[in-house]
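J.: Given next are the chains, with one letter for each unit.
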Amino acid sequence: MKLLHLYHDIMNLYGDYANIVAMESLLKKSGHDVEVCKRSLGDDVKLSDYDFIYIGSGTERNQKVVLKDIMRFGDDLRKCIDSGKVILMTGNSFEMLGKSVTDSSGKAFEGLGIFTFTAVEQNKTRQTGDAIFTMEGSDKKLVGFINKCSSISGIEAPLFGVEMGLPDNDNVSTEGIRKNNFFGTHLTGPVLMKNPYFLIYMASLIPGADSSRFSADLLPHETAGYEVTLSELTKRIGEKI
Amino acid sequence: MKKFFTILICKFLRFIGGLVGKGSSLPGQVALKMCPDILSRVELPEYIIAVTGSNGKTSTVEMIAHILTENGKTVAWNKEGSNQIEGVTTLVLGNSSLGGKVKKDILLIESDERFAKYTFKYIKPTHYVITNLYRDQLTRNGHPEWVFDALKDSIYPETQLILNADDPLVSLFGEGRDVIWFGADKLSSDTKELDSVYNDGAYCPKCKSPMTYTTHHYNHIGHYECTSCGYKRHDTKYTITSVDLDEGEMVIDGSNKITLALRSLYNIYNILAAYTVASIVGIDGKKIASDMSDYVMKNGRVITFEIGSRQGTMLTSKHENSISYDQSIRLACAEKNGCDVMFIVDAVSRKYFTSDVSWLWDIDFEMLKSENVHEIILSGTYYNDLAVRFEHTDIPEDKIKIIPEIEKACHYLDSDRKEYIYVITCFSDKGKFLALL
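Just so you know, the sequences run in chain order A and B. This note's numbering numbers the first residue of the first sequence as 1 and each following residue consecutively. This note's numbering numbers the first residue of the second sequence as 242 and each following residue consecutively.
These aren't lab readings, by the way, just hints derived from the structure by calculation. Where hints are given, some of them may not hold.
Straight line, CA to CA, 30 Å or less: simulated DSS-like cross-link-like pairs of lysine-lysine [what the hints assert, rightly or not]: (1) B:K498 <-> A:K28; (2) B:K671 <-> A:K124; (3) B:K659 <-> B:K673; (4) B:K358 <-> A:K107; (5) B:K528 <-> B:K498; (6) B:K447 <-> A:K38; (7) A:K140 <-> A:K107; (8) A:K68 <-> A:K99; (9) A:K28 <-> B:K274; (10) A:K140 <-> A:K124; (11) B:K642 <-> B:K610; (12) A:K38 <-> B:K433; (13) B:K274 <-> A:K107; (14) A:K124 <-> B:K673; (15) B:K659 <-> A:K29; (16) B:K498 <-> A:K107; (17) A:K124 <-> B:K498; (18) A:K107 <-> B:K362; (19) A:K107 <-> A:K2; (20) B:K447 <-> A:K107; (21) A:K124 <-> B:K610; (22) A:K124 <-> B:K433; (23) B:K244 <-> A:K64; (24) A:K235 <-> B:K673; (25) A:K28 <-> A:K64; (26) B:K610 <-> A:K28.
Fair warning: this is a prediction, and the values are worked out from it, not measured in the lab.
Start from the sequences, fold in the hints, and give me the full structure.
T.: As structure tokens, then:
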């Protein structure tokens, strides 16, 4: 199985690389052959060669640099999403798939246009906070952290419901975007490491993966850690933070 | 009259606060309510020296105060480390006459990176030291470039910048300005290739093209050059010319030798920054070196302890700051007689609640493979997250001991093992261990 960590060096701001490590580790523990490829700006990459693709978060400036580079993948990425390839983009990386990203000076950068949403950044207040999210079809909540400065409008098929934390913008109570097996969320950092059930779910979607071999028993500290975080965060709901 | 009363009340509250052991920001807060522009109404000394950056502010400020005081200067400085505008107001008014004149030769301010722009609107530093910009408390700070943008607004044209030439992002503040640069020559502890989990020096902060390094001091601190726009490290006026961490010695400007009470790269940068400031104020380099030799910090960040028959050191590192952890780990790994290392992550943040442990993935725990490190103990509420992180290193499993309760971990350490103990944790958690001794 081939996993791609795209823009591994420039979009790796919050320990995001741990997501690819988590996927690699689960697949290996469950007896799959895995190869991880790290690629970045200007590298020759054929997206269709991979079974799982991941991009993490970056600074606003780095995202604009990557936005220029990712344009060459536009058609391929659209085809991958339409054909159900398993793709995860965390932090501000998924913003690049929308119509545009507008920076704090008001300058609009054209996005890939795979989706119709738009992202608008500001430079006054960093929007950060712990998160508890729900996902349709799953009884396991997600825990994590959001660290962003943008507001996203126009998402038609959201990924998560927000129980605690920051939604896409002030007027909605949902976060992220999903289409087929494409998952985009502003959760930052090691999302798959912190959410072992979500990891197992996502791994099960990979064609050729034997999902009967996936079990939370393979991830004892991950599941115990998840329960601790969920319980610590749940205590905070309703409290003044 | 308003000025007089504001100062009087601030001094009074500061006095009361001192008696009951309360923090130092309340008096300033009250003063700012009474007279919002009070800071612009006081008469300030000739030198107003500000220090900011992700790491080393408190230590650098303490060292500067130490050297200046040793050399007969009077210094007003925020010992308590309250570094936002309220704390600085308390500091300034507490050291001024009722007429509003600061009665010291030098006003020395440690300033929070994000709030410097508010503080310096009223008190413009004559000299401004910026030590470094790292991934530090990102749950509030966003990221280093976000902090850079906030700090940029705190720099005024008339201020003399004093910058770390080895930090590419910090050096960007000096573009088009007259800067006093400090930094280190190629050191014996340097590496040719980067020895870190992530690389914040991979791309030029100015044009975002790839950068190359001829030498890395640690993380993105080193001698860099952009492959495209020509942005590169500046030559330094004040320089660490050599360092020997094993022997505990550093040399500044070729001839001023300083013996180190704490043998870390962090410490030598803090000393260099303090040396630079003291030199600018007019103190002789030889004298500074002798004042700094074997100087033991008083700010409680390194605490030695005994547990049963065993000896140990607590290295207070900042949670949510991977470079701070890397430095502490490096120090433990250098223990030639062998050591055990304990990590505690119980409350992630000192002031705010968060469960974010993404920063654990930025720490280079892999260094603990070192044969000098015999046993590793993981403890605290977030021990599972630590355990997962360690699972993804090449450290042999039998070297790692997981003891969730801090108290039990503390009992466990009280054994007849001979190894020296390092406890690596944060301000937020250090008391939980120390209280058990």
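J.: If a hint holds in the structure, say so; if it doesn't, say that too.
T.: For each hint, the structure was consulted:
no.: 1; hint: B:K498 <-> A:K28; result: violated (53 Å)
no.: 2; hint: B:K671 <-> A:K124; result: violated (34 Å)
no.: 3; hint: B:K659 <-> B:K673; result: holds (24 Å)
no.: 4; hint: B:K358 <-> A:K107; result: holds (25 Å)
no.: 5; hint: B:K528 <-> B:K498; result: holds (11 Å)
no.: 6; hint: B:K447 <-> A:K38; result: holds (25 Å)
no.: 7; hint: A:K140 <-> A:K107; result: violated (40 Å)
no.: 8; hint: A:K68 <-> A:K99; result: holds (14 Å)
no.: 9; hint: A:K28 <-> B:K274; result: violated (61 Å)
no.: 10; hint: A:K140 <-> A:K124; result: violated (35 Å)
no.: 11; hint: B:K642 <-> B:K610; result: holds (14 Å)
no.: 12; hint: A:K38 <-> B:K433; result: holds (22 Å)
no.: 13; hint: B:K274 <-> A:K107; result: violated (38 Å)
no.: 14; hint: A:K124 <-> B:K673; result: violated (36 Å)
no.: 15; hint: B:K659 <-> A:K29; result: violated (37 Å)
no.: 16; hint: B:K498 <-> A:K107; result: violated (52 Å)
no.: 17; hint: A:K124 <-> B:K498; result: violated (45 Å)
no.: 18; hint: A:K107 <-> B:K362; result: holds (29 Å)
no.: 19; hint: A:K107 <-> A:K2; result: violated (37 Å)
no.: 20; hint: B:K447 <-> A:K107; result: holds (19 Å)
no.: 21; hint: A:K124 <-> B:K610; result: violated (43 Å)
no.: 22; hint: A:K124 <-> B:K433; result: violated (39 Å)
no.: 23; hint: B:K244 <-> A:K64; result: violated (49 Å)
no.: 24; hint: A:K235 <-> B:K673; result: holds (21 Å)
no.: 25; hint: A:K28 <-> A:K64; result: violated (34 Å)
no.: 26; hint: B:K610 <-> A:K28; result: holds (23 Å)
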